[in-house]
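Trainee: Here is how the chains run, residue by residue.
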Amino acid sequence: MRPVAPLWAILALCLGLAACANDRVALLSGEGGAPAGGVVVIDPASGAERGQLTDANTQAQLDGGAVRPRPLTEHFDALLSAMPAPPRVFTLYFIEGTTQVAPESVATLDELRKVVTPASDVQITGYTDTTGDAAGNDKLSLDRAIEIRAALVQEGLPVANARVTGRGQRDLRVQTGPGVNEPLNRRVEVILR
Amino acid sequence: MRTILVAGLLMAALVSTAGAASAAEIGRIKSVAGDASVVHGKAITPAQAGQLLQVGDVLRTGANGLVGITFVDNSRFAIGPNSRIVLSEYEFDDTTHAGKSLTTVNRGSLAIVSGQIAHENKDAERVRTPTSVLAARGTRFVVQVGP
Chain Y
35 MRPVAPLWAI LALCLGLAAC ANDRVALLSG EGGAPAGGVV VIDPASGAER
85 GQLTDANTQA QLDGGAVRPR PLTEHFDALL SAMPAPPRVF TLYFIEGTTQ
135 VAPESVATLD ELRKVVTPAS DVQITGYTDT TGDAAGNDKL SLDRAIEIRA
185 ALVQEGLPVA NARVTGRGQR DLRVQTGPGV NEPLNRRVEV ILR
Chain V
4 MRTILVAGLL MAALVSTAGA ASAAEIGRIK SVAGDASVVH GKAITPAQAG
54 QLLQVGDVLR TGANGLVGIT FVDNSRFAIG PNSRIVLSEY EFDDTTHAGK
104 SLTTVNRGSL AIVSGQIAHE NKDAERVRTP TSVLAARGTR FVVQVGP
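So the protein lines, in turn, are chains Y and V.
Using the numbering used here, read the first sequence as starting at 35 and increasing by one per residue.
Using the numbering used here, read the second sequence as starting at 4 and increasing by one per residue.
If we strip away everything but chain Y, and leave its shape as in the complex, we get:
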């Protein structure tokens, strides 16, 4: 359904704007020491791969031809100054069967109280351990996240509009087989973006 620009139109656009000669992609180092990962360059018409950048601090022209990686000589400091900080994740544990914060998580709650403002973009994500079935755990983790949001609102945190999600038994904090009762996997993450 999406209209595909014919090649002559792309060429005309490039000539008109004198643009494409300078188009490029640069792969930076991963944030906070994370691996650089990679960027794949794909031909939009055929879907064929033109090449990849896989090493940190390399760049390539986007001129429609094969990717030829070159060293990157600049740091994009001005641009990266506008990059929002990474999301912060606060993990809370609860007394089993309640929405009462476990004693070891009270300090985390106090920290949250200091940093969450009404303008904060907050997501509350619930997780379960592997006891019970996957669908039931999706529901349980969502119910728990909703309950926790209510509990945090009760505690005076401005999170009434936070997004709530239940991820069930995905992303176990402690890897276990099925049917394992594991308190560290029954958790709620409060994510501040």
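Hints listed in this document are in silico derivations from the structure and should not be mistaken for laboratory results.
Just so you know, even glycine gets a beta-carbon here, dropped at the ideal spot from N, CA and C.
Incorrect hints may have been included.
Covered stretches of chain Y, as calculated for chain V (at least 3 residues, CB under 8 Å) [unchecked claim]:
1) 85 to 98
2) 200 to 209
Below, simulated DSS-like cross-link-like pairs (lysine-lysine); rule was C-alpha separation at most 30 Å, straight line [stated by the list, open to error]:
3) V:103 with V:45
4) V:125 with V:103
5) V:103 with Y:173
6) Y:173 with V:125
Model the placement of chain V on the given structure of chain Y, informed by the hints.
Mentor: Below, chain V alone, put in the same frame as chain Y:
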């Protein structure tokens, strides 16, 4: 009878509006410096920190403009001066983390820290330029279009 019907229609309208609004948020603007605007349908508004963004929105910056954005999959954008960036496609299921996104860079510069879409769906976080499509594989990169 008529009153009930009108009330029912109003309720339906309210419910569908609320549903659409909550389903539509894909990210929000975290910071703005210099000249920057958001084109949403036919409406053009100055970009503001805290502003919610939806699929199809266009971000434009002037010669001194800079915009920072976070998305619901935790990916992040920094948009540089003289840019026109379109949030062409964005789907993300925050339970399963299935999803895909396509961002179009018509001109200017865009730095991306990829998020859950790229981490959990191969080659699903994409950027389109006039000549190319780029797929992010869990990474931080910059795309520049134009002089």
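Trainee: Take the hints in turn and mark each one as holding or not.
Mentor: Tested hints:
For the region 85 to 98 of chain Y, the proposed coverage by chain V is satisfied: 4 residues have a C-beta within less than 8 Å of a C-beta in that chain, meeting the threshold of three. Residues of the region 200 to 209 of chain Y lying with their CB closer than 8 Å to a CB of chain V number 4, which satisfies the three-residue condition for coverage. Only pairs whose Cα atoms come within 30 Å are accepted, and residue 103 (chain V) paired with residue 45 (chain V) is accepted, the gap being roughly 25 Å. Note on residue 125 (chain V) and residue 103 (chain V): the hinted pairing holds, with a Cα-Cα distance of about 9 Å set against a maximum of 30 Å.
Proximity of residue 103 (chain V) to residue 173 (chain Y) is assessed by CA-CA distance (about 24 Å); at most 30 Å being required, the pair is judged to hold. Using a Cα cut-off of 30 Å, the hinted pair residue 173 (chain Y) and residue 125 (chain V) holds, with the two alpha carbons roughly 27 Å apart.
Violation of the numbered hints given earlier is absent; every hint is satisfied by the structure.
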